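**Student:** Those protein sequences? They're chains Y and A, same order as listed.
According to the working numbering, the first sequence is numbered sequentially starting from 1.
According to the working numbering, the second sequence is numbered sequentially starting from 1.
Some hints here could point you the wrong way.
[To be verified] Result set (BS3-like, lysine-lysine): computed pairs, CA atoms no more than 30 Å apart in a straight line: (1) LYS39/Y - LYS509/A; (2) LYS51/Y - LYS74/A; (3) LYS99/Y - LYS592/A; (4) LYS517/A - LYS75/Y; (5) LYS75/Y - LYS74/A; (6) LYS75/Y - LYS592/A; (7) LYS564/A - LYS75/Y; (8) LYS39/Y - LYS147/A; (9) LYS846/A - LYS75/Y; (10) LYS51/Y - LYS457/A; (11) LYS517/A - LYS51/Y; (12) LYS328/A - LYS51/Y; (13) LYS60/A - LYS75/Y; (14) LYS564/A - LYS808/A; (15) LYS99/Y - LYS618/A; (16) LYS328/A - LYS147/A; (17) LYS75/Y - LYS546/A; (18) LYS51/Y - LYS453/A; (19) LYS39/Y - LYS546/A; (20) LYS4/Y - LYS546/A; (21) LYS51/Y - LYS618/A; (22) LYS522/A - LYS99/Y; (23) LYS51/Y - LYS509/A.
Hints are computed from structural coordinates only; laboratory data are not their basis.
Just so you know, these numbers come straight off a predicted model, no measurement behind them.
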Amino acid sequence: MNWKYICHQDELENEIGTAALVNGQQIALFRIDEAEHIKIFALSNWDPFGKANVLSRGIVGDLNGQPVIASPLYKQHFNLENGHCLEDENCILPTWQTKIENGDVFVAVN
Amino acid sequence: MTTNQNKPRIVVVGNGMVGHHFIEQLIQSGANQAFDVQVFGEEKYIAYDRVHLSEYFTGKNAEDLSLTTSEFYKDNNIDFHANTKVVAIDTPANSIRLDDCTQVDYDKLILATGSYPFVPPIPGHKRDNTFVYRTFDDLDAMRECAKDCKTGTVVGGGLLGLEAANALKNLGLETQVVEFAPRLMPVQLDETGGAMLKDMIEGIGVDVYTATATNEIVDGEAAFHRMNFADGSHLETDLILFSAGIRPQDELARSSGLSLGERGGIEINNVCQTSVDNIYAIGECALWNGKIFGLVAPGYTMAKVAADHVIGNNSLAFEGADMSTKLKLLGCDVGSIGDAHQATQGAKSFVYQDELSNAYRKIVVSEDGSKLLGAVLVGDNSYYDTLLQYYLNGIDLPKEPQGLILPASDGAPAALGVDALPDTASICSCHNVTKADINAAVADGATGVADVKGITKAATGCGGCAALLKKVVDNELLALGIEVSTDICEHFAYTRQDLFNLIKVEGIKTFAELLDKHGKGKGCDICKPAVGSILASVWNDYVLGKEHVALQDTNDRYLANMQKDGTYSVVPRIPGGEITPDGLIAIGDVAKRYNLYTKITGGQRIDLFGATLPQLPKIWSELIDAGFETGQAYGKSVRTVKSCVGSTWCRYGVNDSVGMAIYIENRYKGLRGPHKIKFAVSGCTRECAEAQSKDIGVIATENGWNLYVCGNGGMKPRHADLFATDLTDEELIRYIDRVLMLYVKTADRLQRTATWMDNLEGGLDYLKDVIIEDSLDLGAELEAQMQHIVDTFQCEWTTTLKDEKALKKFRQFVNADEEDNNVVFVEERGQIRPATESEKYELIAKAV
Ligand code: SRM
Ligand SMILES: Cc1cc2nc3c(=O)[nH]c(=O)nc-3n(C[C@H](O)[C@H](O)[C@H](O)COP(=O)(O)OP(=O)(O)OC[C@H]3O[C@@H](n4cnc5c(N)ncnc54)[C@H](O)[C@@H]3O)c2cc1C
Ligand code: SF4
Ligand code: FES
Numbered sequence: 001m002n003w004k005y006i007c008h009q010d011e012l013e014n015e016i017g018t019a020a021l022v023n024g025q026q027i028a029l030f031r032i033d034e035a036e037h038i039k040i041f042a043l044s045n046w047d048p049f050g051k052a053n054v055l056s057r058g059i060v061g062d063l064n065g066q067p068v069i070a071s072p073l074y075k076q077h078f079n080l081e082n083g084h085c086l087e088d089e090n091c092i093l094p095t096w097q098t099k100i101e102n103g104d105v106f107v108a109v110n
Numbered sequence: 001m002t003t004n005q006n007k008p009r010i011v012v013v014g015n016g017m018v019g020h021h022f023i024e025q026l027i028q029s030g031a032n033q034a035f036d037v038q039v040f041g042e043e044k045y046i047a048y049d050r051v052h053l054s055e056y057f058t059g060k061n062a063e064d065l066s067l068t069t070s071e072f073y074k075d076n077n078i079d080f081h082a083n084t085k086v087v088a089i090d091t092p093a094n095s096i097r098l099d100d101c102t103q104v105d106y107d108k109l110i111l112a113t114g115s116y117p118f119v120p121p122i123p124g125h126k127r128d129n130t131f132v133y134r135t136f137d138d139l140d141a142m143r144e145c146a147k148d149c150k151t152g153t154v155v156g157g158g159l160l161g162l163e164a165a166n167a168l169k170n171l172g173l174e175t176q177v178v179e180f181a182p183r184l185m186p187v188q189l190d191e192t193g194g195a196m197l198k199d200m201i202e203g204i205g206v207d208v209y210t211a212t213a214t215n216e217i218v219d220g221e222a223a224f225h226r227m228n229f230a231d232g233s234h235l236e237t238d239l240i241l242f243s244a245g246i247r248p249q250d251e252l253a254r255s256s257g258l259s260l261g262e263r264g265g266i267e268i269n270n271v272c273q274t275s276v277d278n279i280y281a282i283g284e285c286a287l288w289n290g291k292i293f294g295l296v297a298p299g300y301t302m303a304k305v306a307a308d309h310v311i312g313n314n315s316l317a318f319e320g321a322d323m324s325t326k327l328k329l330l331g332c333d334v335g336s337i338g339d340a341h342q343a344t345q346g347a348k349s350f351v352y353q354d355e356l357s358n359a360y361r362k363i364v365v366s367e368d369g370s371k372l373l374g375a376v377l378v379g380d381n382s383y384y385d386t387l388l389q390y391y392l393n394g395i396d397l398p399k400e401p402q403g404l405i406l407p408a409s410d411g412a413p414a415a416l417g418v419d420a421l422p423d424t425a426s427i428c429s430c431h432n433v434t435k436a437d438i439n440a441a442v443a444d445g446a447t448g449v450a451d452v453k454g455i456t457k458a459a460t461g462c463g464g465c466a467a468l469l470k471k472v473v474d475n476e477l478l479a480l481g482i483e484v485s486t487d488i489c490e491h492f493a494y495t496r497q498d499l500f501n502l503i504k505v506e507g508i509k510t511f512a513e514l515l516d517k518h519g520k521g522k523g524c525d526i527c528k529p530a531v532g533s534i535l536a537s538v539w540n541d542y543v544l545g546k547e548h549v550a551l552q553d554t555n556d557r558y559l560a561n562m563q564k565d566g567t568y569s570v571v572p573r574i575p576g577g578e579i580t581p582d583g584l585i586a587i588g589d590v591a592k593r594y595n596l597y598t599k600i601t602g603g604q605r606i607d608l609f610g611a612t613l614p615q616l617p618k619i620w621s622e623l624i625d626a627g628f629e630t631g632q633a634y635g636k637s638v639r640t641v642k643s644c645v646g647s648t649w650c651r652y653g654v655n656d657s658v659g660m661a662i663y664i665e666n667r668y669k670g671l672r673g674p675h676k677i678k679f680a681v682s683g684c685t686r687e688c689a690e691a692q693s694k695d696i697g698v699i700a701t702e703n704g705w706n707l708y709v710c711g712n713g714g715m716k717p718r719h720a721d722l723f724a725t726d727l728t729d730e731e732l733i734r735y736i737d738r739v740l741m742l743y744v745k746t747a748d749r750l751q752r753t754a755t756w757m758d759n760l761e762g763g764l765d766y767l768k769d770v771i772i773e774d775s776l777d778l779g780a781e782l783e784a785q786m787q788h789i790v791d792t793f794q795c796e797w798t799t800t801l802k803d804e805k806a807l808k809k810f811r812q813f814v815n816a817d818e819e820d821n822n823v824v825f826v827e828e829r830g831q832i833r834p835a836t837e838s839e840k841y842e843l844i845a846k847a848v
């Protein structure tokens with residue numbers, strides 16, 4: 001696995017999305033602070049319904065216990081863990097693994 | 001081709017709407033696993049929604065209109081071959097031949113080949129610039145050609161012809177319709193209805209020629225074609241579209257000896273079998289009982305029946321279908337039910353005709369007046385649902401059936417209570433869902449329309465039954481004593497009003513604190529912005545402050561309105577619509593420098609479109625330097641105060657409406673509420689500012705101001721109610737303070753003042769009591785709360801530009817300086833606009 005450095009964790013804010021560009025691919029990063037540790041989710045920034053690179057600008061939340069991002073355009077929800085769209089089972093967004101090392105955020109690319 | 005020798009094979013020819021529905025039935029029943037399913041479609045697209053084909057011209061693309069995806073087929077073991085025509089059937093050998101000469105064996109063969117547009121064999125019908133209207137390819141070709149055309153003519157004034165005429169009009173062509181029959185929509189309408197529709201269509205600028213036969217099409221002088229008519233007259237036009245009816249696509253069946261009807265169509269029995277047992281035909285290519293069904297709903301029923309038979313259940317039969325239709329054609333409502341032409345022996349009719357507002361309604365009833373046999377509606381389809389239920393369910397008509405088509409005194413047509421519908425009543429004809437099906441879904445735990453849609457598929461076809469579906473669902477929920485939940489979402493078991501009170505009374509300042517004390521989970525895109533808005537209404541803190549920023553919708557988070565391509569619009573405040581020449585120049589300068597699209601809005605200000613995230617702070621700092629403030633076009637907040645020029649200039653004006661509008665806008669700007677809030681001030685009763693359509697409307701009188709409240713434009717317009725007359729400036733402001741604050745405190749999420757008023761117990765009189773008589777002793781408190789908002793106003797953009805941390809959010813990427821390469825503009829009328837998807841492909845192709 002090839003880990004690509006993105007930014008320091010302080011550049012990301014709790015429950016707010018941020019876009020990053022990795023090998024020409026737009027990735028939406030979401031930071032969620034849990035009691036013990038920080039989670040970083042990475043999924044495609046492309047909204048397949050609105051057809052624009054905007055998912056990083058949606059609202060983060062949870063529905064039935066799943067962490068989700070709501071598209072800012074037409075409000076579809078995507079599971080942050082696996083990219084599944086809650087409104088359309090045929091639609092699954094690409095997701096990436098992430099890790100934090102000494103406060104630095106990395107995304108796995110191949 | 002992947003084949004599976006062990007499983008029996010189903011071959012489906014045609015992947016249109018009905019062919020696809022058949023596949024869906026197989027998948028739903030699980031039969032896709034037991035069979036090897038092979039699908040061949042001549043078009044290059046996977047099944048798409050032909051019913052909404054015209055939306056291809058109004059912003060949707062092929063993908064949006066797709067009914068499925070190739071992944072879905074693949075995941076369900078369906079082998080789909082696009083771009084593949086089936087050219088022959090060898091019935092004794094049980095095999096078909098493809099256009100590349102491959103043979104494919106079948107155990108069961110399903111023909112779902114649909115129909116093709118009939119083009120009358122007029123000399124010249126094959127000239128360039130002539131089209132039909134059935135597939136994406138047809139529309140692509142037509143759109144390309146229309147670019148160089150000024151006029152377009154549709155041959156055929158039936159349902160599809162008129163829809164096609166609308167498409168030509170949308171493409172910017174001057175449009176005509178030529179119909180051979182003496183009236184429009186001869187199948188669905190009677191003479192008066194057809195004439196009324198013609199009037200209405202001509203009223204919007206589409207010329208209609210009825211009883212007109214075209215003899216030949218030749219070169220034109222002023223335009224590309226000239227159509228010579230039988231009566232000696234002629235018409236010149238650049239583009240011709242034939243829509244003179246459809247013919248069943250039965251070529252395959254014909255050449256392989258299946259039995260056909262006299263005028264075409266593949267004959268089928270009650271389980272959709274053709275004259276050869278293991279070959280079925282469904283959809284528009286099939287002929288049942290001498291009838292072709294040119295609508296999608298009967299095709300869907302056939303698909304269900306055929307699938308059921310193919311997999312060996314044999315539990316369903318096709319028993320014909322209702323051909324009633326309701327449509328909006330070129331903006332005109334048209335409806336037709338059952339025996340519209342009064343062909344039934346002894347039938348009687350009632351007619352209502354209103355030439356002033358263009359409405360025509362006819363009902364055809366049985367000889368004894370007890371049953372509805374048919375109906376024709378032109379101009380107003382709100383009568384349709386009720387009539388259709390009487391017709392489909394054979395419900396006994398009331399004593400005076402004419403009441404069903406007479407305008408009710410309050411304007412709303414007499415509705416048939418859903419209680420009166422029998423359980424067998426068909427609610428959604430596209431998916432064949434009855435009232436009993438819906439009630440069963442509710443009994444199984446569905447708690448709202450969304451659930452019922454998911455379970456029964458009702459209202460997911462043409463959508464025409466959505467309103468009725470909601471009524472049936474709500475009625476059933478009520479009957480079962482199930483409370484329709486008013487909780488804002490799964491995170492808070494409270495209404496917006498409850499949350500407002502908790503926040504105010506307990507002095508809660510942040511979402512985290514509220515969630516901790518009264519909620520669960522992490523929140524969502526419903527409760528976060530709602531609570532963000534309440535916090536702003538109560539405390540008026542900076543919305544991008546650390547504690548609040550994650551609550552905001554994208555528009556609030558970036559203090560700009562997101563557009564379809566992910567860019568933003570910029571709207572500086574222009575109070576009352578008054579602006580100096582220098583102000584105009586400053587805006588123009590900024591727009592030019594950043595190459596933004598500019599437009600005057602419906603709210604009397606100027607909108608600049610096409611700004612990228614990183615540009616927003618730069619643009620705003622220039623606007624603020626030029627003396628502008630944020631217009632908060634992005635917030636659920638006070639928007640604009642429209643004004644007319646008033647007594648300063650206007651010869652009729654009785655007071656300074658511009659001055660008052662500017663005062664009001666400056667007072668309330670920054671106020672956030674459950675929804676947006678709009679005002680207007682007119683200088684006299686001529687009402688040029690349209691104040692009576694606003695949340696707060698003010699009209700000058702000889703003796704002061706009249707105040708109107710709770711008006712609405714938009715989706716459901718509502719005239720504002722006259723609240724108080726001849727007010728002084730001070731009284732006016734006091735009442736507005738109180739009304740607005742009461743609204744902000746008590747309305748539901750996303751409820752405008754109009755709906756708030758309509759749901760207010762006691763209505764206008766109660767509101768007057770509370771505001772004018774101060775019956776609840778709330779006046780002083782409401783005023784104080786408003787004063788707090790007024791005193792704490794800040795221009796959010798000014799604050800943001802001073803905040804290094806907040807500015808960081810406007811970077812496109814956290815790790816790169818690049819721009820979003822999906823944002824592409826082209827020029828139109830001298831300004832930029834977002835490129836369409838096909839334009840983007842072209843531009844990319846060129847660049848490579
Ligand atoms: C720009 C403008 C159209 C224009 O080019 O003229 C406009 C544009 C939008 N309107 Fe509007 N409305 C605009 C005047 C109006 C008016 C006319 C007016 O204000 O006099 C109305 C009817 C009056 C009314 O609101 O009662 C209007 C009724 C709506 C509605 C329906 C509201 C309703 O209660 O039914 C929506 C949808 C909503 O808010 O949920 C809407 C929503 C929108 C949104 C926000 C749609 C969206 O979410 O993207 C559009 C985004 C604007 C942008 O990006 O800047 N817009 N919109 C007008 C901006 C006025 C301004 O200066 O701020
Ligand atoms: C503009 C427009 C508006 C409409 N509006 C409405 C409406 O409001 N309400 C309504 O109920 N109906 C409407 N209709 C009609 C509706 O679209 C049809 O009833 C429906 O599409 C019929 O489905 P089908 O599968 O039988 O045929 P189709 O959808 O036509 O599909 C047949 C498919 O089979 C393919 N095919 C044919 N021959 C072969 C072959 N030999 N080999 C391989 N493939 C083949 C064709 O290419 C086609 O893709 C409208 C139609 C149009 C064109
Ligand atoms: S009416 Fe308003 S919401 Fe609709 S397209 Fe026009 S601007 Fe957008
Ligand atoms: S009637 Fe078409 S979706 Fe229900």
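**Student:** Measure nothing beyond the straight line between the CA atoms of LYS75/Y and LYS546/A; if it is 30 Å or shorter, mark the hint as holding.
**Tutor:** holds (24 Å)
**Student:** Run the distance test for LYS4/Y versus LYS546/A: straight-line Cα separation, threshold 30 Å.
**Tutor:** holds (29 Å)
**Student:** With a cut-off of 30 Å on the C-alpha distance, tell me whether LYS328/A and LYS147/A pass.
**Tutor:** holds (26 Å)
**Student:** Next pair to validate is LYS51/Y with LYS509/A; report whether the Cα-Cα distance is within 30 Å.
**Tutor:** violated (37 Å)
**Student:** So if I understand the rule, the pair passes when the alpha-carbon distance is 30 Å or less; does LYS75/Y with LYS592/A pass?
**Tutor:** The given pair, whose Cα atoms are some 33 Å apart, is violated under the 30 Å limit.
**Student:** Is LYS51/Y close enough to LYS74/A, meaning Cα to Cα at most 30 Å?
**Tutor:** Distance ~24 Å between LYS51/Y and LYS74/A Cα, so the pair holds.
**Student:** Assess, step by step, whether the Cα of LYS39/Y is no farther than 30 Å from the Cα of LYS147/A, and give holds or violated.
**Tutor:** The hint is violated at about 53 Å.
**Student:** Would you check the hint for LYS564/A and LYS808/A, treating anything up to 30 Å between C-alpha atoms as holding?
**Tutor:** holds (23 Å)
**Student:** Measure nothing beyond the straight line between the CA atoms of LYS522/A and LYS99/Y; if it is 30 Å or shorter, mark the hint as holding.
**Tutor:** Judged against 30 Å, a Cα distance of about 22 Å means the pair holds.
**Student:** Is the straight-line distance between the alpha-carbon of LYS60/A and that of LYS75/Y 30 Å or less?
**Tutor:** At roughly 18 Å apart (the allowed maximum being 30 Å), LYS75/Y and LYS60/A satisfy the hint.
**Student:** Check whether the Cα positions of LYS51/Y and LYS618/A lie no farther apart than 30 Å.
**Tutor:** Satisfied, since the Cα-Cα distance of roughly 26 Å is no more than 30 Å.
**Student:** Taken at face value, is the distance from the CA of LYS509/A to the CA of LYS39/Y at most 30 Å?
**Tutor:** holds (26 Å)
Hint compliance for this structure: hints 3, 6, 8, 9, 11, 15 and 23 are broken, all remaining hints hold.
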